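2 protein chains.
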Amino acid sequence: MKKGLLLIISGPAGSGKGTVLARMLAGRDDFAYSVSMTTRDPRPGEVDGVNYHFVSHEEFDRLVAEDGLLEYTRYVGNGYGTPRAQAEEVLASGRHLILEIEVDGAMQVKEKFPEAVAIMLLPPSFAVQEARLRGRGTETESKILERLDQTRREVPLVDRYDYIVRNEDGGAEQAAADILAIVRAEQLKSARDPRAAQRYFAD
Amino acid sequence: MKKGLLLIISGPAGSGKGTVLARMLAGRDDFAYSVSMTTRDPRPGEVDGVNYHFVSHEEFDRLVAEDGLLEYTRYVGNGYGTPRAQAEEVLASGRHLILEIEVDGAMQVKEKFPEAVAIMLLPPSFAVQEARLRGRGTETESKILERLDQTRREVPLVDRYDYIVRNEDGGAEQAAADILAIVRAEQLKSARDPRAAQRYFAD
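Residue numbers (this note's numbering), protein chains in the order written: chain A, 389 to 591; chain B, 389 to 591.
Which copy is meant is left open, because identical chains are indistinguishable; a pair holds if it fits in one copy or across any two.
Dumping the calculated SDA-like pairs for lysine to any residue here, alpha-carbon to alpha-carbon at most 20 Å:
| id | residue 1 | residue 2 |
| --- | --- | --- |
| 1 | K577 | A565 |
| 2 | K405 | E534 |
| 3 | K577 | F501 |
| 4 | K391 | R572 |
| 5 | K390 | V546 |
| 6 | K500 | V452 |
| 7 | K577 | D550 |
| 8 | K498 | H484 |
| 9 | K577 | D418 |
In short, the hints are calculated from the structure, not lab data. Please read all numbers here as calculations on a predicted model, not as lab measurements.
Only chain A is shown next, with the shape it has when bound in the complex (with noise of 0.2 Å):
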């Protein structure tokens, strides 16, 4: 059984990524989402080991101290993070595991598991980003503004992940089927076979 691919998936606001992932999710059983674990309250219908693993503080700072989180963030007075166990295990079972995460987390994964593969989805520019996330009208001014600048934090960052994927406007189809060919070649890196050319001549 070959090891699933951990996948880092990051995108700015507006980069469409929740249609892209659903598009390349379609009729898929070989991914699965990390459920993060998280020490606030679970929310009314939010479902343990669904939404989120609902942990106590002290649970969340005995993880951290055992390196058992790929990457944690506090916030609010919370600790948000991915449990290492569950990826570990979703990898050994040859699934890949997605991480819908931010680029300080994403940096966090990379430096602890270098084997993952870190994606990058973007808008075409951004003053298409800019565009769409006005053209939505569900968010206040503020909050686009917030948006947009940590776009500008996160964008410049971009050459520390291993691919960039363009989600043109109409483009999810292409951008799911590009991210899919990343996950394909990434199993055939000839490094992710070590013992290849023992077992050719052996079977």
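Given the coordinates of chain A, work out where chain B should sit on it, guided by the hints.
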């Protein structure tokens, strides 16, 4: 215009390279084949610039001295090599250039042109390879043994290639799709687009 990729494809006798490449290139005009240069005389029907670029020994030696060949070898008194200028012209036009070469040449190219993408196409196993070679019924026993010997020398160097693609029995279509996935993924590598962030904000 994005530069094309220099694509090295190697594979032992019986790997089905010809069939896989024919499937892969069907209907695509974004790939070109590299035409080798040689000092040997044209055989009846061979056309200069199509089968080979036929040159004098002096011209060949001059190119070797000027680092004008991406790889070369000498065999039974004649030189064979891959002209660098032709390769750079194709890549600058945005097309991908396919070099179908053996392991030694592939290593020379990777040294001079580190951004080349090296793919080893392999039969499922050595046993299957041997069965394919014997099944053809077109080659002498000594020729078959010579090719198997070459495989024993070359396949252990597969870890110097970037990717390993397997051509299972009846799997040429899949192998062709795998190579196209590699090409697509390589084009999306952030390392091939160092100014991505600047362009994102400028466009």
